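There are 4 protein chains.
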Amino acid sequence: MEHIGVGLIGTGYMGKCHTLAWANVRPVFGEGPATRLVHVAETSAELAAERAEALGFEKATGDWRQLIADPEVDVVSITTPNAFHPEMAIAALKAGKHVWCEKPMAPALADAEAMAKTARASGRVAILGYNYIQNPIIRHIGSLLDLGTIGPVNHIRLEMDEDFMASAKTPFSWKNEAAAGYGALDDFAVHPLSLITTLFGPLARVFAHMSKPYPDRPTFDGGRRTVENFDIASILFELASGIPGTLAVNRAAWGRKGRLAIQIFGSLGSILFDQERMNEVQLYTTTDECANQGFRTVLAAPPHAPYDRFVPAPGHGLGFNDLKTIECRELLNAIAGAPARVIDFDRGLQIEHAVHAMAASHEGQKWIEVGTP
Amino acid sequence: MEHIGVGLIGTGYMGKCHTLAWANVRPVFGEGPATRLVHVAETSAELAAERAEALGFEKATGDWRQLIADPEVDVVSITTPNAFHPEMAIAALKAGKHVWCEKPMAPALADAEAMAKTARASGRVAILGYNYIQNPIIRHIGSLLDLGTIGPVNHIRLEMDEDFMASAKTPFSWKNEAAAGYGALDDFAVHPLSLITTLFGPLARVFAHMSKPYPDRPTFDGGRRTVENFDIASILFELASGIPGTLAVNRAAWGRKGRLAIQIFGSLGSILFDQERMNEVQLYTTTDECANQGFRTVLAAPPHAPYDRFVPAPGHGLGFNDLKTIECRELLNAIAGAPARVIDFDRGLQIEHAVHAMAASHEGQKWIEVGTP
Amino acid sequence: MEHIGVGLIGTGYMGKCHTLAWANVRPVFGEGPATRLVHVAETSAELAAERAEALGFEKATGDWRQLIADPEVDVVSITTPNAFHPEMAIAALKAGKHVWCEKPMAPALADAEAMAKTARASGRVAILGYNYIQNPIIRHIGSLLDLGTIGPVNHIRLEMDEDFMASAKTPFSWKNEAAAGYGALDDFAVHPLSLITTLFGPLARVFAHMSKPYPDRPTFDGGRRTVENFDIASILFELASGIPGTLAVNRAAWGRKGRLAIQIFGSLGSILFDQERMNEVQLYTTTDECANQGFRTVLAAPPHAPYDRFVPAPGHGLGFNDLKTIECRELLNAIAGAPARVIDFDRGLQIEHAVHAMAASHEGQKWIEVGTP
Amino acid sequence: MEHIGVGLIGTGYMGKCHTLAWANVRPVFGEGPATRLVHVAETSAELAAERAEALGFEKATGDWRQLIADPEVDVVSITTPNAFHPEMAIAALKAGKHVWCEKPMAPALADAEAMAKTARASGRVAILGYNYIQNPIIRHIGSLLDLGTIGPVNHIRLEMDEDFMASAKTPFSWKNEAAAGYGALDDFAVHPLSLITTLFGPLARVFAHMSKPYPDRPTFDGGRRTVENFDIASILFELASGIPGTLAVNRAAWGRKGRLAIQIFGSLGSILFDQERMNEVQLYTTTDECANQGFRTVLAAPPHAPYDRFVPAPGHGLGFNDLKTIECRELLNAIAGAPARVIDFDRGLQIEHAVHAMAASHEGQKWIEVGTP
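Protein chains in written order, with this note's numbering: chain L, 1 to 373; chain Y, 1001 to 1373; chain F, 2001 to 2373; chain D, 3001 to 3373.
Rather than coming from a laboratory, the hints here were simulated on the basis of the structure.
Here the structure is a predicted model, which is why all the values come from computation and not from measurement.
Every residue gets a Cβ at the ideal spot worked out from N, C-alpha and C, and that includes glycine.
Any given hint could turn out to be false.
Claimed, not checked - Restricting the straight-line Cα-Cα distance to at most 30 Å, the calculated cross-link-like pairs of lysine-lysine (DSSO-like) are:
1) Lys3366/D with Lys59/L
2) Lys2212/F with Lys3103/D
3) Lys1059/Y with Lys2212/F
4) Lys366/L with Lys212/L
5) Lys1366/Y with Lys366/L
6) Lys1059/Y with Lys212/L
7) Lys366/L with Lys103/L
8) Lys2117/F with Lys2175/F
As the list claims (entries may be wrong) - Partner residues aside, some chain Y positions facing chain L, computed with beta carbon under 10 Å:
9) Leu1037
10) Lys1103
11) Leu1147
12) Glu1159
13) Lys1212
14) Ser1241
15) Pro1244
16) Ser1267
17) Asn1292
18) Phe1295
19) Thr1297
20) Asn1333
21) Ile1335
22) Gly1337
To be verified - Partial chain F-side listing against chain Y, Cβ under 8 Å, derived:
23) Tyr2013
24) Phe2084
25) Glu2276
26) Arg2277
27) Met2278
28) Gly2319
Take the sequences, apply the hints, and build the full model.
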């Protein structure tokens, strides 16, 4: 029986999520190699051993380089903090491993570029964990666009909002430091960008405005510290295809928990989506009789592949973690040389470029062309 | 019995809407002067006579100057096409009449300025028909903001969308001519601006991007004609108070029929509203226990004045035309010298300035400060 | 100019609502006789005079028989408490007036039967104020059913809920007395019954269960008094056409403000409606492609007559009071001998019979055939 | 390392679902025994071998009795058609295995009683796959009820609807035979009953009405065959605690895909839920200020245990299959002798009794007391 050997570096939430994806991918899809959970790395040998037992890995190490050197490991899941991504991903690729790295690529653009360059040279598969694009409903939106159901698209609006920075009382943390990036742009904008670029292709230019709901935040020692980046960003953009749109991201939006709202307007209809109701899409078409036209709420169902691999009945719903299992299946496709719906390091780099262009636009108060890798 | 004499120029939909407001204002509110529908003007004496009978006016004329000269007329409702507003409003004010003029003020900024100047000099009440601000739910949002229920506001998003220009087959009309204005900015942006300025005060600066879903449209003679203005506009703004926000307007948005969506984010909660469900507001506050926090859908009800004047039970719903009756009541307040929730010609002029600043920003691709009257 | 003379007995909320309908019907519809508000009756001459001035009636009386004797009155709006309906309606009909009486007809079935008998003999129009059937969305549902859009109907569910009796602290009132009727059956069931019988025809048999959330309620003197009727009722029914369904009514349902929810299931689709969002209907049809099937939310719009008489643009919304204006227009149709969508006293009597059958079923714990007039 | 040996009989959708639950339960919860997928049984040795490889089981057999005899198997998942449940479950229990059997128990009540009796005598854990009760949102509803957040409950409404029998063209199948049970009662009513009995305790009496949208259905040989059971059922009920309610189930309800709607009314508030949006609950309480009361939409979040074991952030959503993982965790609790939220064979038998009482009520057209085991 064919199998694939998995190494996992980092066992926080995303590490658990990768583990579940590896455990589920074959039973869910009923195809592909069997998964062998070979090796897990953590910050200490003790922690690694403990996590290996909980997650079901065979070997454990406190030194991630040992994992990368393990000949039984075919693919490395990297779910450590962003700052570690470049070194680990580059080392894994150079050791001949495929790499499944969580997003975003790296705090510094130069590091992301080095990662992409290494991936290109390696002949290995290197993808990023942009799992929202794997939602069967998002795929269905892609099909609707391809089929011309709403005609040529002429306008797009996207929003991504959560509220973990919404309280003025939330203490200053590393997330508020300039070293952690621009703020909402890095945390959130990359996700809608993964959707935009998947559905519509690359951006041409952007204009951004960023703001802070609170100029400073309390510190744990009773003082206050100036917030160095931006919890809110609003962006106007034009795609390379000419379609204009807006993007608003806010990590201080009370009440929003996992909102990723999309509005797509075409010449024959419109499509609406919100990740908080990830098993639904709203579709308006002009083919309905005039008196009966309206947005129809379509529930995720077997015709929306690969929903059917999870549940055979419509309207029963996938969960957030299921998206990772689909992503894992696509990674296996890519490794097998088959067509795969993934965001590889090159496309990931495009997303990083767009983010940096937005920040430059805010700084310069002008439209900025989005660079290409 | 005290009464007020009404003159009406123009009997299209808005003329009917004013008539209903005048007929309903006293029975609904149970206070104020009795309304006497004195004089109606149309483009011909015959049409005026026909409309007088249908709408219940005593006198009819094909010459609006006769109506303005009528001593029995105390207040003039002007519901003609925008281009006629300046001449009629100025003449009415100079004749000592109060004026209730539909929005926007005038195609040319200079005319709007002249209207505002005349109004200031006249000692009469001159207001514009921005009826969305009269919705009891919008008033309630104002109360929530005043009470600090969601804390200081730090971000705003607005959208106004309809679909009457969404089809590529919709023939070129006067609305697509540059002479009719900038497009979606004039048709729609003024409405959210009336809400923003009522709830939050004036704008400081704007950055705009405008686009056309279709570069040309079919003409009735079988040809095609270049579209001269913009069905879509997307705007970033900063208020004078410092609050940043976004505004998107689109008159080619399939499926949107009367969307006017507002998202207000504060330090203690959030407020959502959509005019398509004009009898509801969604409120999120952090006072609820954590496990039970969520946006609550509050239905319009008697505590939201003046809903109670229309229906004594909650959740039964007002209609679009009812907003005009409330506006009429506020106009009567203003005439009586009482505090009134109205957009007078000076505030209307601020809105026009904001629209022109947006257009200038699109042209110049830079932030534009919003002028003041 | 043709006109109709209106008399109004009772000037509470429904009296105001009738007045607005009379004032608006001609300007809104642009057809039919001019309305003359002739005479208003209240419990005292002083109150009547005060209300005449507020509502715009010419004459006022403290004796409703004077109003009925007034030769200038053509039609009498009766909006007094239910117990007064029989005497007033019968007197008005015998005096040759048309009658527009609020629902329900009368506390006692015998009185309702006498009203219907008198109406039949009078040659005059006598209708009841079941205004929910006038909603353009409800009419559109009727059209969809007539057109076979959802195929033959095989199941119906209805609910009507409000919360004015939901608190245990709400003091005992006349509404809790057996003399006021069965409770939720009289207050609410009649409304869904007006919809059912309008859309589907009469009921054949019913099975009911009634309950009290609170066995007693506080009295104003500090004591407690046993509740004599039922705030909650749940009914199974079969229509004469054979369609089975359920009806649930609850006037103690916290959070429900004006819910009147309908679910209609047919062989080709389904229709959903809720009066709390009275400007929307949800339609599911099987003609959509399988992957795109869903309930579409259709907003009230000009194709849904007579919405267009109120607003020329879709999605702007009618209000609860507008339904009364439509009802008034239908009354005028009936008076003119034209086809009219009204619930006359005979159909009203059918509704009363159904309510009494429900109560009898609860009492006898068995299916009860619904009597016919 | 402690572990548990799993046997699985039947590898259809529910077999896959059990497999995923067994694979995920330890990584998700980070506690409990490691799972060993020991043995799978199918209708032939070949199929069993194929499924063992796809699902990751060690051994395969075409004879389920071999699986039950396997000393390495500690617990048996039974996911075969209902008719096989009694023989398999009883054999497994007698062999000293714990049993996790899909619902419902058995077509014949006597068989279900035998299963419960065997389970009681076995000293082993025997539970049924009523996974809807495992939804963290349903658990949260239970907590709200326990905490008295909406006060004592006085009325309940439940609906469960799908549309797989909605088309008249759907051919006659075994599901339409009387031998398959009563129809919607067996397919659907058991689910809401699992929720009712979990949240509120057992039923006291029921009154039911059943109907068929189509008297016959096409057969594959071009003929037609009379439908022998009922796609629609409507039930009135009273709980042993005295709370009255309604239950409506329909497997021919176009547009409903996985609706399981609950309305719970209490003296201090209300709770609404619909499985089609399984990550939300709507809560209305009277503690909010009057002008701000409304149903709040609470998204599933870490405070709603065990949501946090799947995702650490709110609003990201669990899927239908995740409920099975939670059920598996509860089964392990039961096996360990800890408190467990499960429906064991005794409680399952109560549900079967309720279903049979409903059918008897329909037949006898009278209230039927629900028997106890």
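Taking the hints in turn, this is what the structure says about them:
no., hint, result
1, Lys3366/D with Lys59/L, "violated, 66 Å"
2, Lys2212/F with Lys3103/D, "violated, 35 Å"
3, Lys1059/Y with Lys2212/F, "violated, 59 Å"
4, Lys366/L with Lys212/L, "holds, 20 Å"
5, Lys1366/Y with Lys366/L, "holds, 7 Å"
6, Lys1059/Y with Lys212/L, "violated, 59 Å"
7, Lys366/L with Lys103/L, "holds, 28 Å"
8, Lys2117/F with Lys2175/F, "holds, 28 Å"
9, Leu1037, "violated, 34 Å"
10, Lys1103, "violated, 25 Å"
11, Leu1147, "violated, 16 Å"
12, Glu1159, "holds, 8 Å"
13, Lys1212, "holds, 8 Å"
14, Ser1241, "violated, 13 Å"
15, Pro1244, "holds, 5 Å"
16, Ser1267, "holds, 5 Å"
17, Asn1292, "violated, 13 Å"
18, Phe1295, "holds, 5 Å"
19, Thr1297, "violated, 12 Å"
20, Asn1333, "violated, 35 Å"
21, Ile1335, "violated, 41 Å"
22, Gly1337, "violated, 40 Å"
23, Tyr2013, "holds, 5 Å"
24, Phe2084, "violated, 20 Å"
25, Glu2276, "holds, 5 Å"
26, Arg2277, "holds, 7 Å"
27, Met2278, "holds, 6 Å"
28, Gly2319, "holds, 3 Å"
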